[in-house]
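As a plain string of letters, each chain reads:
2 protein chains.
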Amino acid sequence: MKINRFGEEKIISLINSKVSTTSSKVVTGIGDDAAVIDAGDRYEIITTDMLVEGVHFNLGFTDAYHLGRKSLAINLSDIAAMGGEPLYYLVAISLPGHTKVQFVEELYRGMQDLALIHGANLIGGDTVGAEEKVVIAVTATGQVKKDEIIFRHGAKPGDLVYVSGFLGDSAAGLKIMFEGLRGRLAPEIENYLIKRHIDPEPRLNLGRRLAVNKLASALNDISDGLVKKLWEIARSSEVQIKIDPETIPISDQLGCFSKCLDLSPIDLALHGGEDYELLFTVPPDQEVLLHKNKLLVKKIGRVVMKAVQGEVCNQDGHLLLDQGFMHF
Amino acid sequence: MKINRFGEEKIISLINSKVSTTSSKVVTGIGDDAAVIDAGDRYEIITTDMLVEGVHFNLGFTDAYHLGRKSLAINLSDIAAMGGEPLYYLVAISLPGHTKVQFVEELYRGMQDLALIHGANLIGGDTVGAEEKVVIAVTATGQVKKDEIIFRHGAKPGDLVYVSGFLGDSAAGLKIMFEGLRGRLAPEIENYLIKRHIDPEPRLNLGRRLAVNKLASALNDISDGLVKKLWEIARSSEVQIKIDPETIPISDQLGCFSKCLDLSPIDLALHGGEDYELLFTVPPDQEVLLHKNKLLVKKIGRVVMKAVQGEVCNQDGHLLLDQGFMHF
Chain A
172 MKINRFGEEK
182 IISLINSKVS
192 TTSSKVVTGI
202 GDDAAVIDAG
212 DRYEIITTDM
222 LVEGVHFNLG
232 FTDAYHLGRK
242 SLAINLSDIA
252 AMGGEPLYYL
262 VAISLPGHTK
272 VQFVEELYRG
282 MQDLALIHGA
292 NLIGGDTVGA
302 EEKVVIAVTA
312 TGQVKKDEII
322 FRHGAKPGDL
332 VYVSGFLGDS
342 AAGLKIMFEG
352 LRGRLAPEIE
362 NYLIKRHIDP
372 EPRLNLGRRL
382 AVNKLASALN
392 DISDGLVKKL
402 WEIARSSEVQ
412 IKIDPETIPI
422 SDQLGCFSKC
432 LDLSPIDLAL
442 HGGEDYELLF
452 TVPPDQEVLL
462 HKNKLLVKKI
472 GRVVMKAVQG
482 EVCNQDGHLL
492 LDQGFMHF
Chain B
172 MKINRFGEEK
182 IISLINSKVS
192 TTSSKVVTGI
202 GDDAAVIDAG
212 DRYEIITTDM
222 LVEGVHFNLG
232 FTDAYHLGRK
242 SLAINLSDIA
252 AMGGEPLYYL
262 VAISLPGHTK
272 VQFVEELYRG
282 MQDLALIHGA
292 NLIGGDTVGA
302 EEKVVIAVTA
312 TGQVKKDEII
322 FRHGAKPGDL
332 VYVSGFLGDS
342 AAGLKIMFEG
352 LRGRLAPEIE
362 NYLIKRHIDP
372 EPRLNLGRRL
382 AVNKLASALN
392 DISDGLVKKL
402 WEIARSSEVQ
412 IKIDPETIPI
422 SDQLGCFSKC
432 LDLSPIDLAL
442 HGGEDYELLF
452 TVPPDQEVLL
462 HKNKLLVKKI
472 GRVVMKAVQG
482 EVCNQDGHLL
492 LDQGFMHF
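Just so you know, the sequences run in chain order A and B.
Sequential numbering of the first sequence, starting at 172, is according to this note's numbering.
Sequential numbering of the second sequence, starting at 172, is according to this note's numbering.
Where hints are given, some of them may not hold.
If chains are identical, the list can't say which one is meant, so a pair holds when it fits in one copy or spans any two.
[To be verified] DSSO-like cross-link-like pairs, simulated, lysine-lysine; straight-line CA separation at most 30 Å:
hint: 1; residue 1: 271; residue 2: 189
hint: 2; residue 1: 196; residue 2: 316
hint: 3; residue 1: 316; residue 2: 469
hint: 4; residue 1: 304; residue 2: 271
Because the hints were derived from the structure by calculation, they are not lab data.
What you are looking at is a predicted structure, and each value in this text was computed from that prediction instead of being measured.
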């Protein structure tokens, strides 16, 4: 069988079944966004993400500077999704021989600018040739205190479900570029949506505040679409989650865009992906504290009850199917 | 300017000049085979290597199992090159949709088999789609006691230069496959040379013995050709190294191959690359201990004197030019 008929999750399960981890220091391993290692007085976090030209980015739509920023941002987002703080990163990159030196300079300048904001240091990598396509694999490391880490599996019945920021913007930005829709809306609206796609901000500060103040019982970053990420929490925590899609925060810009193109902003928010906002569950007695911290977050649902297989549905009890980004 | 006219070393220097590391815990960063981080009671080692289909491997020549082994082996070799022991690894991989599930199984089985030998644990990764080419980026971590680590920059005048194993085999194996020379020599000779190319053994045990017994003043793995690696030690240590190419250990199989094809085995050993043996310098008073340990190593030269720019020459004083693998 070919992998495109097999699916990403089955591939990861297969790898997991073939590869046994023998170290007792591995707290979370394959299948999570980031690996967590017990380093004695704290947890070490390590994560890697690969971006392939023609699959994850198109050099006609993004410049080298923003490609650099994003390739680091998506890894830092994985660290945010555990409540951690970043430490170091490495960059493995394949470049065709005709790549301009300026492209390389801009790419690393983008990474460095984002890294400086979040205190991450470039410590190594591998720079190799390619026949045609640019491929970037960033590995990032981080750390978090043992009593602060937030996993996916901690959601409990009664917890409230929250998200940060606005969802669906990134999918709209991609649509504008990919479907050649530029010029249909006011430039400031288009530029906002495109920026949200090519320059996502990892929510490290929010992740740290949730961790330090112990506000969240489960945490995920919204890399692949909200519903897919809700399912990850529901399956890991073995709970049923109900959300009200109408309460998902939608930006004014996405509202305009959707109206103009007769699209559902909610659909973009539910399944679009690449928003890199945070999704988390809050124990009911912590909700007051959450608001006291004046975090820019919004309640979209709640954890209803235990459910061994996990379940995600809307307020009417209709299942929300996992239609996130297909990798193959 | 395009990067193929600029060269790999200049690209790395450029990246280094753009990206300032602000952490005092970074012992070695960009430009070394592996990054070294001060973790208090020990050093942590982290390294990443990328293999691109059509550039670093050809699926007509290597099977998935050996591709898996090699993609981990080259990272473990970087850890061996610091005297370290491996701990964990992550695998970022892009696969075209038509890839067979069995290919993925075999690839990870290969990695796992090698990992088990050396005590490394797979802890995570990223599995993504590709348009056409398989690209694998493995990141491996390791550790080493602070008083055991061996850098490239420790070679001193008077030290002896040693290598492990036989050199040039891997280049011959690649030649047999790439130039379609199969059938010119006895199968056992061809199979040996091909195996040396597609299934290199990281010299972790030797690296550990050099480290634990403090036998080496500088250490490097021979990933890109002996001369290139000698230059790395010479430049980092600011010394002149003289070697006698006639003393480089050549396998009987490479001897036969070279005779049959009228090639110089010494040239293959000097510039061929991908042997993944170790190259190291030994303080003269440690040489007795080296032999006492009965290590399969051979003396090929010595460190003559300080030389600020570094210098590598043969016994007659003729410069050995750095003609290692060009990445672009």
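Now the hints, each set against the structure:
1. 271 <-> 189: between (41 Å within a copy, 16 Å between copies)
2. 196 <-> 316: both (15 Å within a copy, 19 Å between copies)
3. 316 <-> 469: Close inside one copy (26 Å), not across copies (48 Å); limit 30 Å.
4. 304 <-> 271: For residue 304 and residue 271, the Cα distance is within 30 Å both inside one copy (14 Å) and across copies (22 Å).
Figure legend: structure checked against the earlier numbered hints; every hint is met.
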